[in-house]
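Could you put together the complete structure from these sequences and hints?
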Amino acid sequence: MTSPTLAERLADLAVGIGANVQPGQIVTVSADIGLEEIVRELAARAYREGAKFVDVTYFDPGVKRARIEHAAEDTLDFVPSWYAGRVFELGRSHSARVVVAAPSNPRALQGLDPARLGRDQLPAIAEWMDVLSERTVNWTIIPFPTLPWARLVHPELDDAAALEKLTQEIVHVCRLDEPDPDAAWRARVSELSAVGSRLNGLALDSLHYEGPGTDLTVGLLPSSSWVGALSSTIDGLEHLPNIPTEEVFSTPDPQRAEGRVRSTKPLVLVDGSIVRGLEVRFEGGRAVEIDAEEGAEIMRARTARDEGASRLGEVALVDRESRIGQLGTVFYETLLDENATSHIALGSAYEEAVDESDLPRINRSGTHIDFMVGGDDVDVTGITRDGQRIPVLRGGAWQI
Amino acid sequence: MNDADLAQIAELAVAVGANVQPGQIVGVTAELGHEDIARAIAAAAYDRGAKFVDVWYVDPLVKRARIEFAPDDTLDYVPPWYGRRFIELGEQRGANIAIRGLTVPNALEGLDPKRAGRDQLPRVKETNVIVNERTVNWTIVAYPTLPWARVVHPELDDDAALAKLREEVRHVSRLDEPDPLEAWEARIVQLERAAEALNEARLDALHFEGEGTDLTIGLLPSSIWRMARWSTIDGLRHLPNVPTEEVFTSPDPDRVDGHVRSTKPLVLTDGTMVRGLNVRFEGGRAVDITADEGGEILAGRTRIDEGACRLGEVALVDRESRIGQLGTVFYETLLDENAASHIALGSGFAFAVETDEDRARVNQSAVHIDFMIGSNDVDVTGLTSDGERVPLLRDGVWQLSAVHAA
Chain A
1 MTSPTLAERL
11 ADLAVGIGAN
21 VQPGQIVTVS
31 ADIGLEEIVR
41 ELAARAYREG
51 AKFVDVTYFD
61 PGVKRARIEH
71 AAEDTLDFVP
81 SWYAGRVFEL
91 GRSHSARVVV
101 AAPSNPRALQ
111 GLDPARLGRD
121 QLPAIAEWMD
131 VLSERTVNWT
141 IIPFPTLPWA
151 RLVHPELDDA
161 AALEKLTQEI
171 VHVCRLDEPD
181 PDAAWRARVS
191 ELSAVGSRLN
201 GLALDSLHYE
211 GPGTDLTVGL
221 LPSSSWVGAL
231 SSTIDGLEHL
241 PNIPTEEVFS
251 TPDPQRAEGR
261 VRSTKPLVLV
271 DGSIVRGLEV
281 RFEGGRAVEI
291 DAEEGAEIMR
301 ARTARDEGAS
311 RLGEVALVDR
321 ESRIGQLGTV
331 FYETLLDENA
341 TSHIALGSAY
351 EEAVDESDLP
361 RINRSGTHID
371 FMVGGDDVDV
381 TGITRDGQRI
391 PVLRGGAWQI
Chain B
401 MNDADLAQIA
411 ELAVAVGANV
421 QPGQIVGVTA
431 ELGHEDIARA
441 IAAAAYDRGA
451 KFVDVWYVDP
461 LVKRARIEFA
471 PDDTLDYVPP
481 WYGRRFIELG
491 EQRGANIAIR
501 GLTVPNALEG
511 LDPKRAGRDQ
521 LPRVKETNVI
531 VNERTVNWTI
541 VAYPTLPWAR
551 VVHPELDDDA
561 ALAKLREEVR
571 HVSRLDEPDP
581 LEAWEARIVQ
591 LERAAEALNE
601 ARLDALHFEG
611 EGTDLTIGLL
621 PSSIWRMARW
631 STIDGLRHLP
641 NVPTEEVFTS
651 PDPDRVDGHV
661 RSTKPLVLTD
671 GTMVRGLNVR
681 FEGGRAVDIT
691 ADEGGEILAG
701 RTRIDEGACR
711 LGEVALVDRE
721 SRIGQLGTVF
731 YETLLDENAA
741 SHIALGSGFA
751 FAVETDEDRA
761 RVNQSAVHID
771 FMIGSNDVDV
781 TGLTSDGERV
791 PLLRDGVWQL
801 SAVHAA
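Going line by line, the protein sequences match chains A and B.
For the first sequence, position 241 (counting from the first letter as 1) is numbered 241 according to the numbering used here, and the numbering increases by one without interruption.
To get the numbering used here, take the position in the second sequence, counting from 1, and add 400.
Treat the hints with caution; some may be incorrect.
Unchecked claim - Which residues of chain B face chain A? A few of them, derived with a C-beta cut under 8 Å, are: (1) R439; (2) A443; (3) Y446; (4) K451; (5) F452; (6) V453; (7) L461; (8) R466; (9) F469; (10) P471; (11) T474; (12) D476; (13) W481; (14) R484; (15) E488.
Everything labelled a hint here was simulated from the structure, so no lab data went into it.
C-beta atoms are modelled at their ideal positions from N, C-alpha and C, and glycine is treated no differently.
Rendered as structure tokens:
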């Protein structure tokens, strides 16, 4: 008897506790070229679960490279009408969605003109933000190890060792090394829900981040609540949007962010470009200054794409119990890195973290860019409406 | 394949085949395993000013997972956006390029053929709409892959097989000419002249004579000969197949009599080989089908529906065809059907007749099975309605003087 492959085990997790695929659903699967092994397992697993159709879209960074290099400048932000039509149709039919987050070739876009690159958002499709906000789709994002990714994360190792190490790390952070991974996830999710409840009990008005290069205050909305990693659709289907997940998050007031913040880890944009040493200064909620050691220009281009792209849509807290944070590995992949430590995101906000009364106020954008601002030496303090300061994270540990 | 060779095939697809125009959206249908040529086609299309290149990668093994595991009553379901993509491409006057070249041999091996038959993807029925409405300039091109090379040249090792297939595809695509575009233009002009001359001859029937073959195929009153350069309703000319060597029309499905012997093996869509095929026709119907190999399976196919045992196409190919000259069997209809004159059992082409009355008579079927009946030893003669015999092909050479005019 052979033991199940990693692809089979991750597909079980994604179709099961992750997206919670139901019989009769259409399941859309997005992945880069190079991820065929996990995509085929996801298809097989979803069909065995009774899926009506598995709609696979492979994204090829090599085709994107051809576009950035060869296409006319004024066409670079064009997206054909059927891309949005497909996404809306997936929402209308209450489909399930699985995204495999693993750069097939993180360097595929190296050396391209950042200004041109910044105009092409694909594979991100802005309409997904709308559809996910409507909560008609049960979805998850999972990682899958590949050799090009392993080389990026562990450049000091030879190919076989690098892939082996990345694979072990993904097994660990996805809790597949637990006797019962489903049960392990249920336990972690209820821990995170409990943290969210305690934060909600504090009725905070804002958060204050202090650390090297960071002195930032982020205002919250009157009805902002803290959400653990379990989401549910309007049909009541519970799903885990991220595997792994280690965060509690909320939706901030897009008009109230003041001060400066230094990112504590590199971030990788959706097209694979890397931003290191990012520093952002906020005034009245807007990112008015963006600097970085690498990737500043493409980051500026991304935040200029629409009005909401320069304002905050998410604030998330992660404690030092995070398996990703404990590893200390930089994965150059937001799914993992954002669960390493506390982070904020420019761009679209999650409707589920506010009441209807605040819905008109939350940030709207066609983009959502997470970046890490937490660490053991970054203190996070809650400020109540009457000005009381309540320590939230000290040395990476919950204080509440 | 090196970048220069990829760029050459891409240029053939974009410039000669689809004739991509500045500002157009270009759909590309590719399989996993075609990444290199898909990227080269994207670059070439953008160089010509394409607005967007939309590559659709098909994974034969995701299809396999579906046939293997999906609930039975879902197998013919296709989400609406698969069709919308083509309809909108037509409404927006886009171009489309499909890539052929085997990537996964026997991807559906061992699965229930009935279940497999119900999933038509990656074929999407809306493509028929844009083809008939002529809103899209489109082409199909060949890309040599290792799995394909192994099938065509099983006697060679991998490197040699792939090198040989690449050389052959390069040759039949006329990429070994100093100016491939000019070479195709010259060949297309010949084929256009052949089609025009055939139309002017106002033939009532064709007579094929050779060893094992004595077959008369009636034409419809308004059957017109087409060649493989088409134009869209906007007047954009394109080559639906690259390479292309044929002129073709749809015959009268009720007037085929005599017997015919195939001159090359044919491969059915499920990979079945049919060799040494002999078919006898009476009143348009194939009444007797025998073969050295695969005869039973072919006969089974012709019983799928009423039209499956009648002819939908007759195509003439002269000895100038580079595919015919090579003598290689490619197990890929795009190439093999351009090797020699052929006929097809099953569905015909509505656009190959001119009157509504004849359109209603063109053969209809769910299948279309091409098989080669021509060679240098098979004479093709046209018969006019007053009984005159007009030589068309002798020793594989066009006999219509207009074809060879300067």
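For each hint, the structure was consulted:
Annotation: B/R439 was flagged as interfacial toward chain A, and the flag holds, the nearest CB pair being 4 Å apart, inside 8 Å. Evaluation of the B/A443 hint against chain A yields a held restraint, the C-beta minimum of about 4 Å falling below 8 Å. With a cut of 8 Å, the hint placing B/Y446 at the interface with chain A holds, because the nearest CB-to-CB distance is about 3 Å. Annotation: interface hint on B/K451 holds; nearest CB of chain A at approximately 5 Å, less than 8 Å.
Annotation: interface hint on B/F452 holds; nearest CB of chain A at approximately 5 Å, less than 8 Å. Of the supplied interface hints, the one on B/V453 holds, with its beta-carbon coming within about 7 Å of a beta-carbon of chain A, less than 8 Å. Because the closest C-beta pair between B/L461 and chain A is about 5 Å apart, less than 8 Å, the hint holds. Evaluation of the B/R466 hint against chain A yields a held restraint, the C-beta minimum of about 6 Å falling below 8 Å.
Contact between B/F469 and chain A, as hinted, is supported at the beta carbon level, the nearest pair being about 4 Å apart and thus within 8 Å. Using the Cβ-Cβ criterion of 8 Å, the hint placing B/P471 at the interface with chain A is satisfied: the shortest such distance is roughly 6 Å. For B/T474, the suggested interface contact is upheld, since its CB lies about 5 Å from the closest CB of chain A, less than 8 Å. Interface hint status for B/D476: violated, as the beta-carbon distance to the closest one in chain A is roughly 10 Å, over 8 Å.
With its C-beta approaching chain A no nearer than about 4 Å, B/W481 sits inside the 8 Å limit, and its interface hint holds. At its closest, the beta carbon of B/R484 sits 5 Å from a beta carbon of chain A; the interface hint therefore holds under the 8 Å criterion. Using the Cβ-Cβ criterion of 8 Å, the hint placing B/E488 at the interface with chain A is satisfied: the shortest such distance is roughly 5 Å.
Of the numbered hints stated above, the single one contradicted by the structure is hint 12.
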